[in-house]
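Next come the chains, spelled out residue by residue.
2 protein chains.
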Amino acid sequence: MASPKTIALDAMGGDHGPEVVVPGAALSLERQPALSFIFYGDQPRIEAAIARHPALRAKARIVHTDHVIAMHEKPSQALRRGKGSSMWLPLEAVKTGEADAAVSAGNTGALMAIAKLVLRPIAGIERPAIAAIWPTIKSECIVLDVGANIGATAGQLADFSLMGAAMARAVFHIERPSVGLLNVGTEEMKGNEDVKAAHALLKSIDALPLEYKGFVEGDQIGRGTVDVIVVEGFAGNIALKTAEGTAKQISSYLRAAMTSSVLSKIGAFLAQGGFRVLKEKMDPRRVNGGTFLGLNGIAVKSHGGTDAFGFASAVDLAYEMADSGLIARLTADIDVFHHRLSGAAGGSQPQSATGSPLGKA
Amino acid sequence: MASPKTIALDAMGGDHGPEVVVPGAALSLERQPALSFIFYGDQPRIEAAIARHPALRAKARIVHTDHVIAMHEKPSQALRRGKGSSMWLPLEAVKTGEADAAVSAGNTGALMAIAKLVLRPIAGIERPAIAAIWPTIKSECIVLDVGANIGATAGQLADFSLMGAAMARAVFHIERPSVGLLNVGTEEMKGNEDVKAAHALLKSIDALPLEYKGFVEGDQIGRGTVDVIVVEGFAGNIALKTAEGTAKQISSYLRAAMTSSVLSKIGAFLAQGGFRVLKEKMDPRRVNGGTFLGLNGIAVKSHGGTDAFGFASAVDLAYEMADSGLIARLTADIDVFHHRLSGAAGGSQPQSATGSPLGKA
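In order, the protein sequence lines correspond to chains A and B.
Residue numbering for the first sequence follows full-length UniProt numbering, beginning at 1 and increasing consecutively.
Residue numbering for the second sequence follows full-length UniProt numbering, beginning at 1 and increasing consecutively.
FYI, nobody ran anything at the bench for these hints, they're computed from the structure.
Predicted model only: the values in this text are computed from it and were never measured.
Keep in mind that a hint or two might mislead.
Said to hold, decoys possible - DSS-like, lysine-lysine: derived pairs with alpha carbons at most 27 Å apart:
#1 A:190 to B:265
#2 B:279 to A:281
#3 A:248 to B:138
#4 A:279 to B:138
#5 A:190 to A:281
#6 B:248 to A:248
#7 B:138 to A:265
#8 A:138 to A:265
#9 A:281 to A:265
#10 A:279 to B:95
#11 B:95 to A:138
#12 B:265 to A:248
#13 A:74 to B:213
#14 B:138 to B:5
#15 A:190 to B:116
#16 B:83 to B:95
#17 B:83 to B:5
#18 A:265 to A:279
#19 A:248 to A:213
#20 A:138 to A:74
#21 B:5 to B:74
Unchecked claim - Sample of chain B residues lacking proximity to chain A, with all beta carbon distances greater than 10 Å (derived):
#22 3
#23 4
#24 54
#25 83
#26 217
#27 246
#28 266
#29 332
Claimed, not checked - With beta-carbon atoms standing in for the labels, derived distance ranges:
#30 B:76 to A:151: 23 to 33 Å
#31 A:214 to B:265: 36 to 46 Å
#32 B:151 to A:74: 23 to 33 Å
Where is the CB? At the ideal position from N, CA and C, for every residue including glycine.
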């Protein structure tokens with residue numbers, strides 16, 4: 001692989017702008033010399049930051065714009081007045097083929113709305129989703145939707161399965177990723193109507209490009225039971241943030257426990273190599289980057305408050321996805337899946353699917 | 001306080017039956033000498049277990065029944081054939097006033113269904129909820145609904161707020177508990193229609209017996225931002241289990257990290273006092289017990305796999321709730337709230353509430 005790829009970067013996004021985006025890109029370039037970059041934003045600030053990175057300088061182009069979308073702008077506002085901004089232009093570059101992927105650490109809602117408008121959903125996909133890479137005891141899994149939309153029909157949940165599987169193929173290099181539907185129990189009778197109908201749908205179609213494993217519960221996410229976990233965006237977002245909160249809470253318990261006595265302090269000092277291992281395992285920067293899946297192009301959202309190391313993870317992710325041919329494969333998979341579905345609907349539609357399994361006919 | 005209270009126990013519930021239920025009750029009695037117990041189940045097994053606890057023997061009565069509800073029985077089955085079982089009889093005892101609260105470590109769905117049928121919801125409450133005590137960095141909070149039902153209307157979410165506040169008053173001894181609605185963002189425009197309408201509803205009513213704090217996100221649960229967190233049961237159950245899974249995941253990282261080198265092992269040995277502090281903080285047995293809120297009586301569900309220490313926590317919780325006069329207070333609060341609501345609906349109904357705010361008119 002290692003084919004040359006161009007990443008379009010919103011240099012002004014996030015809490016720090018070019019001072020994080022530029023060194024982040026430099027770090028990613030060290031790992032992946034086939035990369036080149038287009039930076040969009042305030043030229044003098046980008047120039048100043050890039051001057052310290054001669055290797056990056058040689059592989060980068062800067063497109064100046066004064067126009068920046070603020071962190072708290074509403075998606076609807078951003079759509080109306082975002083054209084020409086440092087967030088909009090990278091997505092345009094992906095659309096025209098000038099770049100292979102876009103990365104921004106800016107306003108998530110605005111980025112999602114603009115990406116959807118500029119890149120457009122893949123034919124047959126009603127709703128794009130935001131996918132997160134979630135660390136597990138075994139390695140990592142993909143969870144989607146973590147907040148692009150609230151609620152999802154059975155058909156949309158089934159589409160999410162294919163979208164997540166395509167991403168798992170791209171970033172974990174697993175040909176037939178295992179997929180589970182997040183639910184409040186693993187028995188067939190559990191869950192809401194959409195989840196039950198999605199389950200029936202995924203069981204009813206043969207030869208999916210994934211291994212459907214049925215329902216999984218919240219405690220199975222971190223156990224690494226499956227490669228891809230599908231859930232509608234309200235519960236998915238709450239799960240993601242609850243896990244982040246729990247991790248912080250336990251870190252704080254651990255700090256307090258390790259300073260609770262002189263002996264514990266000495267022990268913690270001696271065990272600092274072990275604590276370093278733990279810290280690395282739990283470092284949220286390692287898996288920084290929510291991906292908008294289901295669009296005709298790759299757009300990755302980096303965490304707004306991250307540093308260069310974290311931003312580089314988001315760029316790495318964008319590169320891997322661009323390099324894997326994910327979009328073409330997903331477009332074909334969705335097409336085949338929807339054809340099978342309409343075939344199945346004509347023949348033996350799953351009984352518990354209420355209405356059209358795709359929720360759009 | 002410390003008024004005499006009788007707790008009715010399903011001696012056969014959970015993975016271990018009387019061998020855990022009996023010593024659990026004995027432990028709780030040590031802490032709270034005003035307690036007495038009625039055990040329901042296999043008399044010889046209960047007698048054998050109780051023989052080792054003379055203090056408990058003096059405060060306990062045994063009601064024999066052969067009839068036990070299995071862990072995997074469906075709620076509908078349990079309702080049809082559960083009468084006279086070791087799970088049903090304690091709830092009957094609460095209903096007749098023979099006991100002040102019931103505790104079971106049995107099948108959750110069956111217990112919920114039977115409790116609802118036997119004890120009946122408080123007038124005005126459409127749906128009972130399961131409340132969990134959730135450890136936070138500061139102390140503890142209450143989260144409901146963690147899985148009694150899927151989905152909730154705005155009016156039901158508002159009722160959950162009062163139910164959670166009543167429980168916080170009983171177990172945390174806070175007169176005006178703070179309450180937050182779990183959502184995917186803290187801005188007013190975020191969330192689904194039910195959550196937005198519940199928010200408008202809670203803001204619109206003056207003089208609630210709680211302090212309504214607006215939306216909270218998943219990462220704020222463990223931070224202890226509010227005393228009570230309200231969410232419908234699908235997302236609430238997923239949040240609870242995701243947090244449990246994350247805690248286990250980090251424990252496993254920690255174990256691996258502390259055995260990653262000889263120095264780490266020595267350090268961990270020296271710091272074992274600190275690790276004990278951490279283990280106690282994270283011990284799920286300390287806050288064992290989901291409570292069914294919104295019924296005319298107190299029913300607590302202990303974790304099925306817990307030991308005597310964990311079962312005792314569930315008994316403690318049942319005692320505290322019985323001792324606090326929770327049901328009478330909640331019944332009055334709900335009545336006042338619903339009257340205010342119908343007053344407000346006649347006058348200035350909140351604009352963003354779609355349809356009837358109580359979703360039942």
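* **Pair hint outcome, residue 190 of chain A versus residue 116 of chain B [Cα-Cα no greater than 27 Å]** => Between residue 190 of chain A and residue 116 of chain B the Cα gap is close to 19 Å, so the pair holds against 27 Å.
* Asked: Is the hinted range of 23 to 33 Å satisfied by the C-beta distance from residue 151 of chain B to residue 74 of chain A?
  -> Given range 23 to 33 Å: holds, Cβ gap about 27 Å.
* Below or equal to 27 Å on CA atoms is what counts here, so check residue 281 of chain A against residue 265 of chain A. => 22 Å, holds
* To do: Decide if the proposed pair is consistent with the structure: residue 138 of chain A and residue 265 of chain A, CA atoms, cutoff 27 Å inclusive.
  => Not OK: residue 138 of chain A and residue 265 of chain A at ~30 Å, beyond 27 Å, violated.
* To do: Decide, holds or violated, for the assertion that all CB atoms of chain A are farther than 10 Å from the CB of residue 83 of chain B.
  => Answer for residue 83 of chain B: holds, closest chain A Cβ roughly 23 Å.
* Sort out whether residue 5 of chain B lies within 27 Å of residue 83 of chain B, counting only the CA atoms. => 25 Å, holds
* 10 Å Cβ clearance of residue 332 of chain B from chain A -> 32 Å, holds
* Holds or violated: residue 190 of chain A with residue 265 of chain B, Cα cutoff 27 Å? -> At roughly 44 Å apart (the allowed maximum being 27 Å), residue 265 of chain B and residue 190 of chain A break the hint.
* To do: Take the C-alpha atoms of residue 279 of chain A and residue 138 of chain B, compute the straight-line distance between them, and say whether it is at most 27 Å.
  => Holds: residue 279 of chain A and residue 138 of chain B sit about 23 Å apart, inside 27 Å.
* For the pair supplied as a hint, residue 138 of chain B and residue 265 of chain A, confirm whether the alpha-carbon distance does not exceed 27 Å. => Holds, at about 22 Å.
* Holds or violated: are the alpha carbons of residue 74 of chain A and residue 213 of chain B at most 27 Å from each other? -> 23 Å, holds
* Asked: Taking 10 Å as the cut and beta carbons as the points, is residue 246 of chain B off the interface with chain A?
  -> 4 Å, violated
Hint compliance for this structure: hints 1, 5, 8, 10, 11, 14, 19, 20, 21, 26, 27, 28 are not met, and every other hint is.
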